[in-house]
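For this one, chain A is given, so just place chain B on it according to the hints.
For the protein sequence lines, the chains are A and B, in the order given. Those letters in the first sequence? Residues 983 to 1269, by the numbering used here. Those letters in the second sequence? Residues 13 to 270, by the numbering used here.
One thing to keep in mind: the hints can contain errors.
Derived coverage of chain A by chain B (criterion: at least 3 residues anywhere in the stretch with Cβ under 8 angstroms from a Cβ of chain B; other residues may be distant) [stated by the list, open to error]: (1) 1157-1163; (2) 1166-1178.
Restraint-style ranges between C-beta atoms, simulated for each label pair [to be verified]: (3) B/263 <-> A/990: 23 to 29 angstroms; (4) A/1070 <-> B/195: 24 to 30 angstroms; (5) A/1070 <-> B/233: 51 to 57 angstroms.
None of these hints come from the bench; they were simulated from the model. Even for Gly, the Cβ is constructed at its ideal location relative to N, Cα and C.
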Amino acid sequence: MSDSHFFDSWRKFKSRIAMVALFLGCIFAVIPLFAILLHLIRQGATAIDWNFFTQVQKPVGEVGGGMAHAIVGTLSQVGIASLFGIPLGLACGVYLSEYGKRERLAGFVRFALELLASTPSILVGVFVYGILVVPMKKFSLFSGAMALMLILLPLVARTSEELLKLIPQHLREAGLALGIPRWRVILSVVLRSAWPGVLAAILLGVARIAGETAPLVLTSFGNPNFPQGITQPSASLPLQIYTYAISPFEEWHRMAWAGALLLVLSVLALNAITRLSGGSHGRRNVE
Amino acid sequence: MGVEMLNSVELETLGLQAYFGQVRALHGVSLQVPRHELTALIGPSGCGKSTFIRCLNRLHEESPGARAEGKVLLEGRDIYAPTVDPVLIRRRIGMVFQRPNPFPAMTIYENVASGLILAGVRDRRVLDPVVERSLKQAALWDEVKDQLKKPGTRLSGGQQQRLCIARALAVDPPVLLMDEPTSALDPISTARIEELLVDLKKAVTVVMVTHNMQQAARVSDRTAFFLLGEMVESGRTDAIFTNPADSRTEQYITGRFG
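Looking at chain A on its own, in the form it has when it is part of the complex (with noise of 0.2 angstroms):
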């Protein structure tokens, strides 16, 4: 009887000794968002006025500016390249898990798309420099959508691919047992009842996107004014972020922890969408 109750303890202190290692591991890895977070608000928090999101970048010397320019162009370009990116991987997603089960041609496209996905970003803006910058000979905003959308195609590809796979085959057997066409069923049943994930992949992706920076450089690099239509050059959040931090000047730094706390804001809202949105309905309807 007092041998299994000093079992009992040490195993309950091992267990404590666990619990207590497992919840620091969680402290730590969130501690570095939260430190990101705080940091910016001190540091950003002031320099976002109205002037931030109506001004274009002032020249050196002069009080002021804004924002303005980066986010009309982060907006454009990430709205062309979702333009094309989600249908485009929509249709590889569907492709590959709803008649590519047998096709040698299916294992390419879903090699060639892993591959795609796991390119370095600065990889994909030489590459579509060498294809629509140098022909064009001038950056532009359309060349930097081009770049974000080879980052977004694979990501919504294969996330979709893998998520319409989730859905049980006898749903869509219930689909064609009622003499509905299969593309019928694909859209209807298998799409539908897989939409809230794909839609929160799809989300996820679009906030990726938004971020980079790298693939935008050799692309549409940069521009202190507003865009002046999609085949000149255009700023962005993250390009501009980049130009005021490795500036001099005091108020440009500013505005560079301005920009970044907009970018993180903007990104962390989109994720939180995400959740609430995939987490209220959908799943739990999907066994």
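This is chain B only, laid out in the frame that chain A set:
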């Protein structure tokens, strides 16, 4: 055995063979299914009865590497003829599966109407009466009429299976295939479905796979016994159960194997 009186034949297979890749799962099955009767398919696991029923609405060929040979005549016309569109066949031959499988992203109403909605019918004046009629046929209307907007997956297992029966009936198929429709359900839900089958076969020809021989004896008019990919014998259910022609049938229904 004397001459049998058959209702007119609705569905008939002639030398039906089914393959999974190189493996032959059905070795030439010929069976006549009379109109407005319930035909039960019995036999041990792996005997090919599920494969057989999946050949009847051309669903078998949707499995990887699967194909079928032979003829399946629906009202005298071969559904495996090269010009036939399997999509149209499946609108005439409905199916209910072993596990209830309502569409997760759809409400009860949408589930029942899905066969019509996904074929392009949007008019509520057309859909409403169909939904009500189908749910009544499936003996589910009274339980769900006030919650048609709820997700179909919120219902209990037995209700989900009746929802699936209503969904299959909504496109008005003359034939309904059921692949062990009660094997995942509790006895009370099973009894409810058996009750509704008795009414259902007045309007629809039913072919049902079952593992439960008491169920076959209770609800079916005719029974076919399958073994190792062959149909050993078929006939009126009372004859099969009281006076089987083949000793293997007798051994199976008296519980000596399977």
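Here's how the hints hold up against the structure:
Requiring three or more residues with a Cβ within less than 8 angstroms of a Cβ of chain B, the coverage given for the stretch 1157-1163 of chain A holds, as 7 such residues are present. Only residues whose C-beta sits within less than 8 angstroms of a C-beta in chain B count toward coverage, and the stretch 1166-1178 of chain A has 7 of them, enough to reach three; the restraint holds. Hint check: residue 263 of chain B to residue 990 of chain A, Cβ distance near 57 angstroms, so the stated range 23 to 29 angstroms is violated. One distance hint, 24 to 30 angstroms for the beta-carbon pair residue 1070 of chain A and residue 195 of chain B, is violated here, with the actual separation near 44 angstroms.
Take residue 1070 of chain A and residue 233 of chain B: their Cβ atoms lie about 55 angstroms apart, and the range 51 to 57 angstroms holds.
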